[in-house]
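> Next come the chains, spelled out residue by residue.
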Amino acid sequence: MSSSINIQNVDRIYTDTDGKAVQALKSVDLDIRAGEFISLIGPSGCGKTTLLRLIAGLDKPQAGSLSIDGGKIAGTAPERGYVFQQGSLFPWLDVEHNIAYGLRARGVLRQRKANVEKYISMVGLEGFEKSYPHQISGGMAQRVAIARALINEPKALLLDEPMGALDSFTRADLQDKLLELWQKNGTTMILVTHDIDEAIYLSDRIVIMTPRPGRISRVIDVTLPRPRHRGGAGFLALRREILELFELAQAQPQPEYNI
Amino acid sequence: MSTAAVKLSAPVKADSKAKSKAAWNYKNNVYFLLKLLLTVSGFIIAVLVNIAFPQKAAVVIKQYVLSVFGLNISLTMNDAYIFLLAAIAVIYTGAGLRAWGNKDRRKIYSKRAAFRFAAGIALALWDIGGTKLQFFPQPFFPGPAQVVEAYLADSEYLLQNTLYSLRLYAAGFSCGVLLGVGTGILIGWFPKVYYWVFPVLKITGVVPAVAWMPFALTLLPNSFTAAVFLIVICAWFQIAFLTAQGIQSTPKQSFEAARILGSNSIDQILHVAIPHAMPDIFTGITSANAMAFTTLVMSEMLGQPGGLGYYINQSKVWSAYYKVLAAIVIMAVLFSLINHIIGRIQKHTLRWQEGVVKK
Numbered sequence: 009m010s011s012s013i014n015i016q017n018v019d020r021i022y023t024d025t026d027g028k029a030v031q032a033l034k035s036v037d038l039d040i041r042a043g044e045f046i047s048l049i050g051p052s053g054c055g056k057t058t059l060l061r062l063i064a065g066l067d068k069p070q071a072g073s074l075s076i077d078g079g080k081i082a083g084t085a086p087e088r089g090y091v092f093q094q095g096s097l098f099p100w101l102d103v104e105h106n107i108a109y110g111l112r113a114r115g116v117l118r119q120r121k122a123n124v125e126k127y128i129s130m131v132g133l134e135g136f137e138k139s140y141p142h143q144i145s146g147g148m149a150q151r152v153a154i155a156r157a158l159i160n161e162p163k164a165l166l167l168d169e170p171m172g173a174l175d176s177f178t179r180a181d182l183q184d185k186l187l188e189l190w191q192k193n194g195t196t197m198i199l200v201t202h203d204i205d206e207a208i209y210l211s212d213r214i215v216i217m218t219p220r221p222g223r224i225s226r227v228i229d230v231t232l233p234r235p236r237h238r239g240g241a242g243f244l245a246l247r248r249e250i251l252e253l254f255e256l257a258q259a260q261p262q263p264e265y266n267i
Numbered sequence: 007m008s009t010a011a012v013k014l015s016a017p018v019k020a021d022s023k024a025k026s027k028a029a030w031n032y033k034n035n036v037y038f039l040l041k042l043l044l045t046v047s048g049f050i051i052a053v054l055v056n057i058a059f060p061q062k063a064a065v066v067i068k069q070y071v072l073s074v075f076g077l078n079i080s081l082t083m084n085d086a087y088i089f090l091l092a093a094i095a096v097i098y099t100g101a102g103l104r105a106w107g108n109k110d111r112r113k114i115y116s117k118r119a120a121f122r123f124a125a126g127i128a129l130a131l132w133d134i135g136g137t138k139l140q141f142f143p144q145p146f147f148p149g150p151a152q153v154v155e156a157y158l159a160d161s162e163y164l165l166q167n168t169l170y171s172l173r174l175y176a177a178g179f180s181c182g183v184l185l186g187v188g189t190g191i192l193i194g195w196f197p198k199v200y201y202w203v204f205p206v207l208k209i210t211g212v213v214p215a216v217a218w219m220p221f222a223l224t225l226l227p228n229s230f231t232a233a234v235f236l237i238v239i240c241a242w243f244q245i246a247f248l249t250a251q252g253i254q255s256t257p258k259q260s261f262e263a264a265r266i267l268g269s270n271s272i273d274q275i276l277h278v279a280i281p282h283a284m285p286d287i288f289t290g291i292t293s294a295n296a297m298a299f300t301t302l303v304m305s306e307m308l309g310q311p312g313g314l315g316y317y318i319n320q321s322k323v324w325s326a327y328y329k330v331l332a333a334i335v336i337m338a339v340l341f342s343l344i345n346h347i348i349g350r351i352q353k354h355t356l357r358w359q360e361g362v363v364k365k
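Protein sequences appear in the order of chains H and L. Be aware that the first sequence starts at 9, since it is given in the working numbering, and climbs by one per residue. Be aware that the second sequence starts at 7, since it is given in the working numbering, and climbs by one per residue.
Hints are computed from structural coordinates only; laboratory data are not their basis. Do not take every clue at face value.
[Stated by the list, open to error] Restraint ranges, calculated between C-beta atoms of paired labels, are given here: (1) 83(H) with 338(L): 42 to 50 Å; (2) 360(L) with 83(H): 51 to 59 Å; (3) 234(H) with 293(L): 58 to 66 Å; (4) 238(H) with 188(L): 53 to 61 Å; (5) 254(H) with 351(L): 39 to 47 Å.
[Claimed, not checked] With a straight-line Cα cutoff of 16 Å, these simulated EDC-like cross-link-like pairs (lysine to aspartate or glutamate) come out: (6) 68(H) with 360(L); (7) 138(H) with 262(L); (8) 258(L) with 67(H).
Glycine residues also receive a C-beta, built at the ideal position from the N, C-alpha and C atoms.
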């Protein structure tokens with residue numbers, strides 16, 4: 009139920025609104041192991057979301073290749089679930105139908121009807137089946153988005169700052185939920201975040217990216233035993249290490265011409 | 007000083023009294039009974055006015071024979087008018103008694119009492135000014151009893167014409183909605199269709215549908231299809247325009263989310279684009295509906311062998327303005343009913359919006 013993803017020498021260039029070409033990713037290499045929890049972290053503009061969109065198949069790279077379990081990624085597929093930062097739920101569908109969307113779209117709703125209930129309870133939303141997205145809190149909405157992605161039983165779950173818009177209590181709560189789901193399902197998890205604590209708390213490995221052009225500057229193994237303690241000595245040491253890395257990265261900024 | 011002191015101490019002392027003595031609002035039985043009497047009294051006054059005032063206008067009081075359940079009832083227009091007022095009074099009394107034990111119904115009923123009273127008084131004034139004392143010029147302002155007479159005299163013919171209008175509206179508007187939503191989806195989804203069709207729609211859409219009437223009447227096989235055609239184009243353009251707008255404004259992220267979950271293009275149209283466009287589609291339907299009524303009546307007045315517009319035209323020729331008013335009353339009721347039905351469908355379809363949009 010999990011996939012390894014191989015990213016080789018990927019370049020991604022897009023044209024911005026002024027028609028200027030922007031190099032979002034340059035020569036990115038990364039091997040993501042099956043079943044691992046990996047975080048992409050870095051300042052805005054470092055291409056972490058761009059990389060995630062490439063893995064999802066939403067965009068195509070200009071150079072290099074991405075493959076999953078040896079097969080080339082050519083487009084979107086239900087085997088790679090995606091959770092957007094916020095507001096991706098369909099407002100005209102209630103919680104139950106939002107979660108069931110993938111099953112219905114793939115024509116397997118009748119056979120797997122029981123799964124809808126299973127995933128609703130998995131993310132702890134019993135009793136809210138008939139609520140519409142605007143009637144539930146932001147944290148609950150993201151849990152719906154996660155359940156909606158998981159119901160397709162993806163081999164990899166791509167998370168684009170799913171907790172970015174939440175308050176810190178809700179965020180901590182959802183992080184635990186995410187860990188629990190990962191440990192239960194064994195899905196490969198790829199998380200884009202700008203929260204260092206979140207990355208350390210959740211990940212097996214942290215990929216540190218730097219902007220202009222976006223590339224991977226370092227990959228850090230997190231060997232702290234689980235469950236992790238946010239105030240533990242190892243946790244704090246790692247946190248300091250990453251912070252220093254970013255200060256180094258920011259010490260010699262590339263000159264900015266396009267202000 | 008002393009009154010101020012009394013006022014200050016009053017709330018504390020009155021605390022026990024307040025419980026036994028209910029507040030002066032709809033919850034109070036006496037208050038509600040007065041509201042009920044107020045509601046009914048307007049219509050009773052209208053009845054009394056009709057009986058008490060002498061007829062000044064030169065109106066012939068005819069006897070009509072209605073057969074109801076095998077009984078032949080002979081009555082004049084005044085009898086029928088009084089009967090109608092009495093029926094309204096009885097219905098409102100019934101509604102008041104039904105509301106007696108229900109707090110919410112009581113509140114609504116009390117709120118509407120003043121308006122209903124005013125409606126009765128307005129009828130009475132109209133009666134006095136129209137046929138009774140002839141303050142208004144005749145025959146342009148017939149009294150309410152005369153309008154009721156139109157239903158007595160022309161009941162079958164009016165029903166025929168109403169059904170004709172309804173048939174025309176149903177055929178034209180349903181085709182218009184289907185074509186409008188269909189074209190709107192194509193324009194909104196396919197950039198090529200947008201490029202070729204949208205400018206045509208934009209330019210022809212501003213032309214009032216009835217302007218096409220000369221072509222419609224000569225090119226189409228009969229006048230019924232001509233009128234259907236006019237209603238179709240007036241609904242079509244408006245609805246297509248707004249449907250296209252609704253589809254085009256769907257957030258890209260919604261399509262991406264659907265795609266990743268396994269939606270193909272058709273599924274994305276049906277389950278993302280159209281639901282997202284639904285509020286706009288209903289805006290289009292509501293405004294097209296109002297235009298469809300206009301087009302309906304105008305085309306009936308200008309070249310139909312039937313319909314309420316035709317009936318108005320025909321009555322005008324004979325200076326039977328009370329019949330014109332009778333047809334207008336039917337239109338008011340019928341079109342309100344249609345609006346109400348569309349409103350209910352809209353509310354049900356867009357129930358997910360409740361609490362999101364300020365209504």
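> Each hint: holds or not?
Hint check results:
1. Taking 42 to 50 Å as the suggested C-beta distance range, the pair residue 83(H) and residue 338(L) does not conform, at roughly 57 Å.
2. At roughly 37 Å, the beta carbons of residue 360(L) and residue 83(H) sit outside the given window of 51 to 59 Å.
3. A hinted range of 58 to 66 Å for the beta carbons of residue 234(H) and residue 293(L) is consistent with their spacing of about 60 Å.
4. The given range of 53 to 61 Å is respected by residue 238(H) and residue 188(L), whose C-beta atoms sit roughly 56 Å from each other.
5. Our hint of 39 to 47 Å for residue 254(H) and residue 351(L) is violated, since their Cβ atoms are close to 56 Å apart.
6. For the hint linking residue 68(H) to residue 360(L), the alpha-carbon distance of about 39 Å lies beyond 16 Å, and the restraint is violated.
7. Distance check on the hinted pair: residue 138(H) and residue 262(L) sit about 24 Å apart at the alpha-carbon level, beyond 16 Å; violated.
8. Only pairs whose Cα atoms come within 16 Å are accepted, and residue 258(L) paired with residue 67(H) is accepted, the gap being roughly 13 Å.
The structure does not agree with the numbered hints 1, 2, 5, 6, 7 stated previously, though it agrees with the rest.
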